[in-house]
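Residues 345 to 919 (the numbering used here) make up the sequence shown, in order.
None of these hints come from the bench; they were simulated from the model.
Treat the hints loosely; a few may be bogus.
In the DSS-like style, the derived pairs of lysine-lysine whose C-alpha atoms are separated by at most 25 Å in a straight line are [claimed, not checked]:
| # | residue 1 | residue 2 |
| --- | --- | --- |
| 1 | K850 | K782 |
| 2 | K851 | K666 |
| 3 | K782 | K742 |
| 4 | K654 | K583 |
| 5 | K899 | K850 |
| 6 | K643 | K841 |
| 7 | K654 | K782 |
| 8 | K872 | K583 |
| 9 | K654 | K666 |
| 10 | K872 | K618 |
| 11 | K722 | K738 |
| 12 | K722 | K643 |
| 13 | K738 | K782 |
| 14 | K718 | K656 |
| 15 | K738 | K841 |
| 16 | K643 | K718 |
| 17 | K841 | K782 |
| 18 | K668 | K722 |
| 19 | K666 | K722 |
| 20 | K742 | K722 |
| 21 | K845 | K643 |
| 22 | K782 | K656 |
| 23 | K583 | K666 |
| 24 | K738 | K656 |
| 25 | K872 | K850 |
| 26 | K718 | K666 |
| 27 | K583 | K656 |
| 28 | K742 | K519 |
| 29 | K618 | K654 |
| 30 | K850 | K618 |
| 31 | K668 | K718 |
| 32 | K519 | K643 |
| 33 | K618 | K668 |
| 34 | K654 | K668 |
| 35 | K851 | K841 |
| 36 | K618 | K851 |
| 37 | K656 | K618 |
| 38 | K666 | K656 |
| 39 | K851 | K899 |
| 40 | K738 | K654 |
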Amino acid sequence: MDTLALIRGEVRFGAKIIRPDSKVAILEYNFARLGRPKKRMRRKNISGSIVFLVLGLAVAFSVVTRSGWLPVAMVGFGLAAVYSFGFTGRSIRQARASRQGRWLALARALLGLVGAFLCLLIVVGMFIARLNQQRWQTRSNFRPQRAMANSPMPDVPATNFTSNLPIIVLHTDGKYVSNDPPTVVRAEFFDAVNRRASTDNQPVYAGLASMNRRGHSTLGLPKHSYTLRTLDQETNQTKVALLGMPPEEDWVLHAPFEDKTMIRDVLAFELTRKMGRYAPRTRYVELFVQTSDGMLSMKDYRGVYVLMEKIKRGPDRVNIAKLKPEHRSEPEISGGYIVKRDHDDSSGSRFRTGHGGPFFYVSPNARQITSEQKTWLKGYFNSFESALYGADFKDPEKGYPAYLDVDSFIDAHFLIEVGKNVDGFRYSAFLTKDRGGKLTVGPPWDWNRSFGNANYYGGGHVRGWYSSNMRPNEISWHQRLQEDPSYAQRRAARWSKLREKVFDPKKIGLMIDDLAAQLEEAQERNFKRWPILGQNVGCNYFVGDSFQEEVDWLKNWIIDRIDWIDGHVTTSVEF
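Please model the entire structure based on the sequences and the hints provided.
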């Protein structure tokens, strides 16, 4: 701009002179002036649009795992926004200076509109996902309750009730059975005589017991599981041999409900024993809980249950050394311990390590364990994790082999992988530490969501490694262990050995047939009491219309699952 033009009131812009007496010229000047923004402003405009777009795409990606058509739509709109940004940016760069200002305004408006629409879809998607989750919870928690209410058992005498399974009758004498505290009841156990059990016969055990509801997610189901403790006449706990199992005082009455074969827990325990390791002994029973006075009635019938040993320290259960309060130094303080990793909202005293938890005290329990023992046990876990994730983790004396019973871990790993137990290494995951011994994995517990009976974490699919779903704070040690070639070779060799007998699909099929035969008569009464066949209960992946259909699907699923594992067990990293 020269001095003469300035005196005349003219403004020179490039080769063009703008006179103040021309409205059109002034308008053109304004557009021209705005069309040449500083580079910093242009970068700011473009950067703001990019940040907004990337943020929208990132949030959209986080919702991709929510089922439905919205994730696909959000990806499409995200791609459209990327295209719009690229197109408008290119147009801005190629446009004349007089139009660049307008192009920038249009670009920001367009990207803002796309971003706003994208965020709106995200909000709607989250709302629908939440609504679907609530509907799933409603189906899993209340549909079986409606079925129960609509199909009560008849109020007819059950004094001559017979079954091929043992029968348990618990008399509450009008008292309510809650989660806590336990309720004292009168218990009668009738075992089979000449292959039939009958409430007309003399019970093989009659005495006092205490019972309370148990479970975590299963507490919301109408068919309740119970903890049962045998008592003497002074209501002190006393050891009793029940239905052919070794004498003890702590028992569990497990209520199969989500698992409509009623086989999965029993099968997992049997496979563990065939590996040569301890698992709780079990007996199928039919249960009555009489809550009122008078004659035993079919309205007191509760269905098929599994009487099983509760996991505890003892010569016939978890056979480890007894830890006493006076054991405050090594070697005595080094064992024996039983802990379990479980839900974070579970009650009870717990501890966390640098990499995982929570771990709950089982034996000694939270009331019995001393502060010195807590400190020692947590220190052992932390030392193990430091060795596992340290630079010398392969070293036999400095690394994980010095702390972990590797063979027990491999066996537990393969049992969980064969069954694709979606609670495996997460919840009800027991670990033991004997005096002078190493950290040992097991015994198994809580297998109702296994062998294809789960619609999350790929639990219903025969393909894929379940271990790839493990989070760092869970027992995800396999992901680190497989970086050691000696572990990978040891694991592959163990699989070959287990496949000879334990994981032979034909042998497992025969086991399932035997268990199904035991249940053939009683399952009809169970599903009359709980008419859930053909209904989606909890997280069922497959829903069969009959007991036999559920059993057949289970057998076929195991065949296909083992076949997939056969082709994918290697000595290299798998994830």
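key: Ascending list of hint numbers which this structure does not respect   = 1, 2, 6, 8, 10, 12, 16, 21, 24, 25, 28, 33 and 40
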